[in-house]
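Starting from the known structure of chain A, arrange chain C on it as the hints suggest.
Protein chains: 2
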Amino acid sequence: MRTVYHKHDFPVDGVRRFLEPGPIVLVSSRYKGENNIMTMGWYTLMQFTPSLLGCFIVGYNHSFDMIRKSKECVINLPTTELLQEVIGIGNCHGDSVDKFEKFSLTPVKGDYVNAPLIKECYGNFECKVSDTRLLPDYSFFILEILKAHIPDHPQYPETVHYTGDGIFMIAGEHVGFPEKFRPENL
Amino acid sequence: MRTVYHKHDFPVDGVRRFLEPGPIVLVSSRYKGENNIMTMGWYTLMQFTPSLLGCFIVGYNHSFDMIRKSKECVINLPTTELLQEVIGIGNCHGDSVDKFEKFSLTPVKGDYVNAPLIKECYGNFECKVSDTRLLPDYSFFILEILKAHIPDHPQYPETVHYTGDGIFMIAGEHVGFPEKFRPENL
Numbered sequence: 001m002r003t004v005y006h007k008h009d010f011p012v013d014g015v016r017r018f019l020e021p022g023p024i025v026l027v028s029s030r031y032k033g034e035n036n037i038m039t040m041g042w043y044t045l046m047q048f049t050p051s052l053l054g055c056f057i058v059g060y061n062h063s064f065d066m067i068r069k070s071k072e073c074v075i076n077l078p079t080t081e082l083l084q085e086v087i088g089i090g091n092c093h094g095d096s097v098d099k100f101e102k103f104s105l106t107p108v109k110g111d112y113v114n115a116p117l118i119k120e121c122y123g124n125f126e127c128k129v130s131d132t133r134l135l136p137d138y139s140f141f142i143l144e145i146l147k148a149h150i151p152d153h154p155q156y157p158e159t160v161h162y163t164g165d166g167i168f169m170i171a172g173e174h175v176g177f178p179e180k181f182r183p184e185n186l
Numbered sequence: 001m002r003t004v005y006h007k008h009d010f011p012v013d014g015v016r017r018f019l020e021p022g023p024i025v026l027v028s029s030r031y032k033g034e035n036n037i038m039t040m041g042w043y044t045l046m047q048f049t050p051s052l053l054g055c056f057i058v059g060y061n062h063s064f065d066m067i068r069k070s071k072e073c074v075i076n077l078p079t080t081e082l083l084q085e086v087i088g089i090g091n092c093h094g095d096s097v098d099k100f101e102k103f104s105l106t107p108v109k110g111d112y113v114n115a116p117l118i119k120e121c122y123g124n125f126e127c128k129v130s131d132t133r134l135l136p137d138y139s140f141f142i143l144e145i146l147k148a149h150i151p152d153h154p155q156y157p158e159t160v161h162y163t164g165d166g167i168f169m170i171a172g173e174h175v176g177f178p179e180k181f182r183p184e185n186l
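Just so you know, the sequences run in chain order A and C.
Residue 125 in the working numbering sits at position 125 of the first sequence, and the numbers go up by one each step.
Residue 35 in the working numbering sits at position 35 of the second sequence, and the numbers go up by one each step.
Only chain A is shown next, with the shape it has when bound in the complex (with noise of 0.2 Å):
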């Protein structure tokens, strides 16, 4: 059974609530029309306003192609209960299966790029590529976000953060003590 969102326009300068934590996330991709998926969790923000996000996806992957050529992308946030579906992402290649089929999930279409939303996801950051320097040396991209697409509950997804050797950590528990924080810090 899986959760059904109702996504909403979430600004784009505070997506940190959802990737800042660095849970796995699936990119989608678009390119002459077709479409793929790839699991990534070398990813970190790097500013604010305009929204970036650097990310390695390796050179030999499918989607490296797709979203080099095609200059766009989405991030899309799967909660617990896609975890299988986030490890057989990750372990079939894109060149051979379509994976949105294969792995029952919806594209949807986004607002500013054609590379397709995932229904079934919790969050969608439509991105275009920023900046491409650092491809030659590292495989990294800079990717601009342009949209979020959250819903408003739950506040905090239950996301599945990577390891290596096959195990995930399960996020857990919440607390906060913004009292203790400068204002500017939060």
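Since the hints were derived computationally from the structure, they do not count as laboratory data.
All the given hints hold, so there is nothing to weed out.
Under 7 Å between C-beta atoms, here's a sample of chain A residues computed to sit facing chain C:
(1) 20
(2) 41
(3) 87
(4) 164
(5) 166
(6) 173
For every residue, glycine included, the Cβ atom is placed at its ideal position computed from N, Cα and C.
Showing chain C alone in chain A's frame:
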């Protein structure tokens, strides 16, 4: 009560176990006889061998100049028992206070760098600055991890993951499905 860890050398190409899940880390630095510590949440692994990590360190941070000039730092991995210290370190300035003294942390000499390791942290990663080309535009350092110091136990530390707004996610349980991975993808 703080845990006393008995650490040993850990392969630097295996640090994803600790850093890929995205925990908050403490970055210690040393320049001209002065030590400093900062909290950091915006970083990612970039390569296994050499072991590379990219990180955003804001340019008006006191640590920025110390790391840029000394060309080295230590990434220290705290667990939940140091959460109040993590918050405190992130909310005071290193140009006016000795954070080791203020937070009763112990600087330990490294093997490869002059920047001090934080004894009370679960893990310590000695780093040198490897590439500065993204500093002017993005305040983004690329570091090489030269040595990792990790205890035998616990295998997976209970880390803290920042979400903004003064709220942290605490690492939850670990689940493993290595049998569902292709060997080369583990």
